[in-house]
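Visitor: Here the protein sequences come in this chain order: E and Y.
The numbering of the first sequence is the working numbering, which starts it at 9 and goes up by one.
The numbering of the second sequence is the working numbering, which starts it at 3 and goes up by one.
No lab work stands behind these hints, which were simulated from the structure alone.
Just so you know, even glycine gets a beta-carbon here, dropped at the ideal spot from N, CA and C.
One or more of the hints may lead you astray.
Stated by the list, open to error - Reference excerpt, derived from the structure (chain E facing chain Y, CB under 10 Å, subset only):
1) Phe53
2) Tyr107
3) Gly112
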Amino acid sequence: SQELEQSPQSLIVQEGKNLTINCTSSKTLYGLYWYKQKYGEGLIFLMMLQKGGEEKSHEKITAKLDEKKQQSSLHITASQPSHAGIYLCGADIGGGSNYKLTFGKGTLLTVNP
Amino acid sequence: GAVVSQHPSWVICKSGTSVKIECRSLDFQATTMFWYRQFPKQSLMLMATSNEGSKATYEQGVEKDKFLINHASLTLSTLTVTSAHPEDSSFYICSARDALAGVLDTQYFGPGTRLTVL
Numbered sequence: 009s010q011e012l013e014q015s016p017q018s019l020i021v022q023e024g025k026n027l028t029i030n031c032t033s034s035k036t037l038y039g040l041y042w043y044k045q046k047y048g049e050g051l052i053f054l055m056m057l058q059k060g061g062e063e064k065s066h067e068k069i070t071a072k073l074d075e076k077k078q079q080s081s082l083h084i085t086a087s088q089p090s091h092a093g094i095y096l097c098g099a100d101i102g103g104g105s106n107y108k109l110t111f112g113k114g115t116l117l118t119v120n121p
Numbered sequence: 003g004a005v006v007s008q009h010p011s012w013v014i015c016k017s018g019t020s021v022k023i024e025c026r027s028l029d030f031q032a033t034t035m036f037w038y039r040q041f042p043k044q045s046l047m048l049m050a051t052s053n054e055g056s057k058a059t060y061e062q063g064v065e066k067d068k069f070l071i072n073h074a075s076l077t078l079s080t081l082t083v084t085s086a087h088p089e090d091s092s093f094y095i096c097s098a099r100d101a102l103a104g105v106l107d108t109q110y111f112g113p114g115t116r117l118t119v120l
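When you get a sec, could you build the whole thing from the sequences and use the hints?
Guide: Next up, the structure:
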């Protein structure tokens, strides 16, 4: 079964608009990772969150991890065409020596100029 | 960030042949490397985890005799698809974890290898 649920599956926004992508787990997460992928290419690391309530920002992208460490959101402010791609949340559901990074199905973001 | 390379970036082969894909960490040591498979419009599925100098751990449903993984050094892991068939056609992505980055380190990904089996 899919352990990480991402929503929405796809998103089309107009350039300049804000958007949010969500990632939810039924299990406590030991680490939550956000990656960006362009179709047919590798993954680009964006951010990692580990503590409940943690929030990180890089340029116009902000990611948060809730207090229970079961849900994360990725927020893009004033989107640009360069933000287009597939956003994947990955989570360590094992922790420590049982580290294993599994992924949600991804969110396809299209930004129209 | 750290760099992971894969070679080749794409390969086309005939059914029944074997194909080897290399994964290298270029500027860091990776005690653990991961191999993923991705089908069109789907997420990454973990195939196996390999630790340097030991046998790989395969995920449920992944045939270890078909997907041979070797992690001979801290910077190189190889995936060999043996007796490839058209259903093995996919996008294979390797990933490496920096051994010196601490407990909550980051997993870096290669650019992927697209395998097409005719």
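Visitor: Hint by hint, note whether the structure agrees.
Guide: Right, here's what the structure says about each hint:
1. Phe53: This hint holds: Phe53 of chain E lies near chain Y, its Cβ roughly 6 Å from the closest one there, short of 10 Å.
2. Tyr107: Cβ of Tyr107 of chain E sits 8 Å from chain Y, so the hint holds.
3. Gly112: 6 Å, holds
Taken one by one, the earlier hints all hold for this structure without exception.
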